[in-house]
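Chains A, B and C, in that order, are what the protein sequence lines are.
Residue numbering for the first sequence follows the working numbering, beginning at 1 and increasing consecutively.
Residue numbering for the second sequence follows the working numbering, beginning at 1 and increasing consecutively.
Residue numbering for the third sequence follows the working numbering, beginning at 1 and increasing consecutively.
A hint or two may mislead.
The list treats identical chains as interchangeable, and a pair is accepted whether it falls inside one copy or across any two copies.
[Stated by the list, open to error] Taking lysine to any residue pairs in the SDA-like style, the calculated list, with each CA pair at most 20 Å apart, reads:
no.: 1; residue 1: Lys-416; residue 2: Asn-162
no.: 2; residue 1: Lys-416; residue 2: Thr-159
no.: 3; residue 1: Lys-24; residue 2: Thr-159
no.: 4; residue 1: Lys-67; residue 2: Ile-239
no.: 5; residue 1: Lys-416; residue 2: Leu-166
no.: 6; residue 1: Lys-67; residue 2: Thr-57
no.: 7; residue 1: Lys-67; residue 2: Thr-317
no.: 8; residue 1: Lys-67; residue 2: Arg-50
no.: 9; residue 1: Lys-416; residue 2: Val-167
no.: 10; residue 1: Lys-349; residue 2: Lys-416
no.: 11; residue 1: Lys-416; residue 2: Tyr-161
no.: 12; residue 1: Lys-416; residue 2: Thr-160
Treat the hints as calculated values from the structure; they're not laboratory data.
Each chain, letter by letter, is given below.
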Amino acid sequence: MRTSRSLAVALVLVLTAVGAMAAKAPVSEDTEACIGCHEEVTPGIVADWRRSRHAHTTPGEALDRPKLERRVSAASVPEALRTVVVGCAECHTRNPDAHPDTFDHNGFRVHIVVTPADCATCHPEEREQYGRNLMANAHDNLMGNPLYGALVAAAAGPTTYNGQGLVVSPPDERTLGDACLACHGTRVTVEGMETRDTAMGEMEFPRLRGWPNQGVGRINPDGTKGACTSCHTRHRFSIEEAREPDACEQCHKGPDVPAYKVYEASKHNAVYQSSRGSWDLEAVPWVVGRDFTAPTCATCHASLIVSPGGEVLAARTHEMADRLKHRLFGLPYATAHPRSGDTTVIRNKGGLSLPSELSGEPVAEFLIDGAEQARREARMRSVCSGCHSGQWIRGHFERLENTVRTTNALTLEATKILLRAWESGLARGPGQGGNPFDEAIEKMWVEQWLFYANSTRFASAMAGADYGVFANGRWYLQKNLAVMKDWLGFLSRPPTGR
Amino acid sequence: MRTSRSLAVALVLVLTAVGAMAAKAPVSEDTEACIGCHEEVTPGIVADWRRSRHAHTTPGEALDRPKLERRVSAASVPEALRTVVVGCAECHTRNPDAHPDTFDHNGFRVHIVVTPADCATCHPEEREQYGRNLMANAHDNLMGNPLYGALVAAAAGPTTYNGQGLVVSPPDERTLGDACLACHGTRVTVEGMETRDTAMGEMEFPRLRGWPNQGVGRINPDGTKGACTSCHTRHRFSIEEAREPDACEQCHKGPDVPAYKVYEASKHNAVYQSSRGSWDLEAVPWVVGRDFTAPTCATCHASLIVSPGGEVLAARTHEMADRLKHRLFGLPYATAHPRSGDTTVIRNKGGLSLPSELSGEPVAEFLIDGAEQARREARMRSVCSGCHSGQWIRGHFERLENTVRTTNALTLEATKILLRAWESGLARGPGQGGNPFDEAIEKMWVEQWLFYANSTRFASAMAGADYGVFANGRWYLQKNLAVMKDWLGFLSRPPTGR
Amino acid sequence: MRTSRSLAVALVLVLTAVGAMAAKAPVSEDTEACIGCHEEVTPGIVADWRRSRHAHTTPGEALDRPKLERRVSAASVPEALRTVVVGCAECHTRNPDAHPDTFDHNGFRVHIVVTPADCATCHPEEREQYGRNLMANAHDNLMGNPLYGALVAAAAGPTTYNGQGLVVSPPDERTLGDACLACHGTRVTVEGMETRDTAMGEMEFPRLRGWPNQGVGRINPDGTKGACTSCHTRHRFSIEEAREPDACEQCHKGPDVPAYKVYEASKHNAVYQSSRGSWDLEAVPWVVGRDFTAPTCATCHASLIVSPGGEVLAARTHEMADRLKHRLFGLPYATAHPRSGDTTVIRNKGGLSLPSELSGEPVAEFLIDGAEQARREARMRSVCSGCHSGQWIRGHFERLENTVRTTNALTLEATKILLRAWESGLARGPGQGGNPFDEAIEKMWVEQWLFYANSTRFASAMAGADYGVFANGRWYLQKNLAVMKDWLGFLSRPPTGR
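Bound-form chain A, shown alone (with noise of 0.2 Å):
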């Protein structure tokens, strides 16, 4: 091992070498400014940019390429950042007037988020699909929406115990941005400023509140939404890193959304793990067949996916929901997905931001249409098409659908212990003026749709069968229906002066 992986590095160096004395990438005076401090105080990151595609090729050289090859979407960029590579200046100093953490900084003027509006100016396309997302809208979504809102406390805030009952309030801002927000991204704000003691001496700096974070949906502040390192991590911002199921892994694994304990259940994970060692996942476009022979999570969701003979199989998105029909997770019910990003602005009968009522219902004025998704699934059939027959698809969409149907009902089936424990005053509902999900039993119908009726619908949609009977699926959404029936027998039998 030693001997093969030093020989690797080995290798790695000697390349490294020739490919500096062949094209020395051209780079700014301002970022060599900046590298010659932070080669030595953050040195971590300036080897990683050192690693990356931005350390290495000028917006004009990438501009050049031919168009399936191209991976930026602007038609033109600024003339400036035309010929020297995509260097520390180039990003922190970008239109410093829009950017509330600007300040002078060894005579620039840096900011310390980079936000998609300044990745924009060279990836336009994918800032734009991206803003279409739930994921960019994620802060606001789980914030904005007073239902969320008691989850929220019910899920991360301090409880006290009175001797009598629970007392839940909402969580501190600290606790949020460590739980909820920490994937759903905080809002990041300039508190003013501070003087701090840093190993170049005492400098000022912009104090951040609701940093760091790197979530999806997180407020920049220059108002834009969404972090692009949450995927593509600073500072080498790679599509490799990007098409590993462990990038989604930080966000997409624990029982409220498994996708990743899902796809790890997959064949296509045993298909993976085994030929990783010989895929390319760095190629633009992606050739299925020729670069990888088993979809990772960006493969189905994102990437652009190309035959070997160039037929284009799926077109690059940043929109998530760009292949799906359904949304699957999140929500007491699956239901079509919604039209917009922002699901603040769904109301249902009960005047709650939710795409269902609590039958189950949808609400379909905000969801899209039977067309829509009829043509979000055949893109991602399209997908599939690379390496399965057309009835081997169809088998595995009509089981998802039936899946959809039968977890639909079995949280019907809680909601309907839940309301009779409402009605009864065995607990104490919305209609009561209660947090609808701070009880045992109401906790129990939360992890009925959270957990289990999500994780069996996960386990369908990706094949990873496994996953969704004994792990977190199928077993558990009876289990806790048995559980919740004797509760509510318990609750009912009369007390004594406890």
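Got chain A sorted already, so can you dock chains B and C onto it with the hints?
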């Protein structure tokens, strides 16, 4: 990373080109015809096949290898197959009359579902051994055992709450295909012919029911059992992939059979993770110390293992219980392995298809005897001896024996509580005409053995101790007992009208 | 894949051959004698050793390296060891009289269990640092603390249901060796000699009790504590392996101490997974940005970390708390780290070996003070500074501090419910002569801190936020409280005769 990956890819391309020049593998005309269209229609699987050993070796060459290096077990193969590589046509047009899913396809009589009978043309021993497996019988062992039928309903069926209690029904066919039978195997049948619109125009195909499926006990249209693709994914059919632990992960990760999770917690995995880059998972025979330095699943349970000096430590087997003394999972009590892979023939005193009574007493006549148990354990110990001393191995197996005893004992205690619930009318067991798995306290009892006792035994058997303590093992065996005890008490409180 | 793997293997073989010609490592005659038989008897471990640095370097050469590159900490080594590589005999015949398991073996006085005292011949600093660890004391800290004794029984002991309640007993020795002590370490003693039939005929060996074991706090026959092989698996004893997160996975993955799972959910892991192929996990010193671009467990907790410019960001330590301000896990409340690795000396006001009262108030006299806490956190911050700005780091640690506070508060609320149960006679606590961990509501209380509070803290400390929300963190802290509250109510309902 990019550089070294690109280098690796470049080297693969160079070597592939060199290989292509040196010895153009002879592809049959029929297979060339298949590839002609499918290279464009399903490029991923054609590319997979091109990377396979099948695409580069003729059965004739395979038969010429020295005995220990042979990957085929046939004494000879049909003359027509000897001198061409194993391509599409060689498998998909084999014995067309035996396959109800054979259809006319561009002038060929093609069947969709390649079965163990087809593979047995070159691999008869593997097929025969595999056929003796519990796995080959996994469909019938589950669906042909009325007791398990009740468990399947309680795990995956629809359930309704009628305001008083829960009513459980058997699951529909699509749910089964996406749940239990995804691993156990569906029954695949031909429902007739249908016309489909394809990239090549309208074509006729057999319409399959129970499709897609790659479960280990799949019942194929030709009546054979099993899918070799469960572990050797189409169309690379790789020995390397089957030797990676991820091959087994697909079906052996849930709490009911957490072999993969236990492996992850083992020292074997720590070595695997840090050393796999220098291992050769393709080699036959598989030489301990040279090709690998710690076992994967296949090492202990299936592969032909040889010492560097050429001594055979373990013969290859596709009967997975060949080195196993106990059946550790899937049943209330661990017992000796059943004599037959078909467990529907077993009857205990109560008439149930279970290898033990509810008291834990084994139903000896259907189980292997002590002498056979000793033979099987001796085979496993021989694998261990590649790296471990006799004393180390003895200590390990003494602990496993003890774990079987203690976990069986903790199942018995849970059974006592359940019987009390049944006897006192607080739950409806089979004696009262009830499904023994559909009430909360019954499900807790199921988890006692199906999750916690099994997990603890696997952790003991595979030296992944940490998994057997708090992860899903002994802690939960104890907690579950305590919860069941209280639950029985709660059930016995006089209810008010609920 | 096959091609590139074969290529890699071929290159390794070539390089090994070249290496062998260039500098034949001097193996002692005694070691040659060991290998003579063991190459055939236990080929795997001999092969492992052949791949090790020990097999290719003499201590004399190791001592000649520049200070920062040294992997040995001794000022000098015994003359006889200077000029031969570190082989079987060098370790297994070292100081024979100090080892009760020394026996005559083919003319050599060999001991089976190589201990930290043997390793300290070349690595005295590592041994000394490790000895100050909680880990080195893990056996006694668990088994020598009566309170933990009760927990061990409640977690792993046999339990019987007598028709009324459950009776918990202490676990047997084999269960302990396969459960708690697999990680904490067994006590290994010599029970006498025995004759065994081996591949080389009948031979006499010491019979060991508590064997096998590689737990971190193993008490060895010579009285020393620990097993260096816990992390540096025999017989490669690799620094690379110990730096892989999987080395820690063996004992740090369960819900009681889910460090590995939290790492998996971190961005650090996303970078690791996509970039590890180009990292050098063997390098000493370990240069951030050059040898690795994101931390593994070892980076933050143990390794010597240097900037590309040669500045030491962190000194090597084998005292794992050296960079840790808080003890986050294993106890009801997180506190400052204990002064001594031996925690059996701690006594709170109630006389228990716990570093806090049941109210959460820390027992300050046994814990490091604020100044020492600050020193430790400063060491960790220095590691972070390899890639992160001061503001980023400060924000991270402020959130961790907050998480310690909020999780301690949620433990206190659970404690209040438990105390109510004890006071009202609904459960039997230590005040009533009961095991405080054996009833359902007591076990829920244990999970509040041992599972959920710990997991939340780890998620916060290691930036794997997703694990601390729904996976096993804040959601369960809240749900568990709600369940405990209801359970207390159910217990208080007047029972009928059950």
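Check your understanding: Is it within, between, both or neither when you check Lys-67 against Ile-239 at 20 Å Cα-Cα?
Key -> For Lys-67 and Ile-239, the Cα distance is within 20 Å only inside one copy (17 Å; across copies 39 Å).
Exercise for review: At 20 Å max between alpha carbons, let me know whether Lys-67 reaches Thr-57 within a copy, between copies, both or neither.
Suggested key: within (17 Å within a copy, 39 Å between copies)
**Study point:** Intra- versus inter-copy proximity for Lys-416 and Lys-349 (alpha-carbon distance at most 20 Å)
**Key:** Within one copy, since 18 Å is at most 20 Å while 41 Å is not.
Check your understanding: For the identical chains here, do Lys-67 and Arg-50 meet the 20 Å Cα criterion within one copy, between copies, both, or neither?
Key -> Classified as neither; 26 Å inside a copy, 29 Å across copies.
Review point. 20 Å Cα cut-off: does Lys-67 pair with Thr-317 within a copy, between copies, both or neither?
Key: The answer is within: 15 Å in one copy meets 20 Å, while 52 Å across copies does not.
Review point. Which holds for Lys-416 with Tyr-161 at a C-alpha limit of 20 Å: within a copy, between copies, both or neither?
Key: Close across copies (7 Å), not inside one copy (28 Å); limit 20 Å.
Check your understanding: With identical chains treated as interchangeable, where does the CA-CA distance between Lys-416 and Val-167 reach 20 Å or less: within a copy, between copies, both, or neither?
Key -> Close across copies (14 Å), not inside one copy (25 Å); limit 20 Å.
Practice item. Measure nothing new, just compare the shortest in-copy and cross-copy C-alpha distances for Lys-416 and Leu-166 to 20 Å and report within, between, both or neither. Key: between (24 Å within a copy, 11 Å between copies)
Practice item. Could you place Lys-416 and Asn-162 in one of the four classes (within, between, both, neither) given a Cα distance threshold of 20 Å? Key: between (30 Å within a copy, 9 Å between copies)
Exercise for review: Give the relationship of Lys-416 and Thr-160 under a CA distance limit of 20 Å: within one copy only, between copies only, both, or neither.
Suggested key: between (29 Å within a copy, 10 Å between copies)
Review point. Is it within, between, both, or neither for Lys-24 and Thr-159, if the alpha carbons may be no more than 20 Å apart?
Key: neither (59 Å within a copy, 68 Å between copies)
Review point. Is it within a copy, between copies, both, or neither that the alpha carbon of Lys-416 lies no farther than 20 Å from that of Thr-159?
Key: between (27 Å within a copy, 12 Å between copies)
Violated hints for the displayed structure, listed by number in ascending order: 3, 8.
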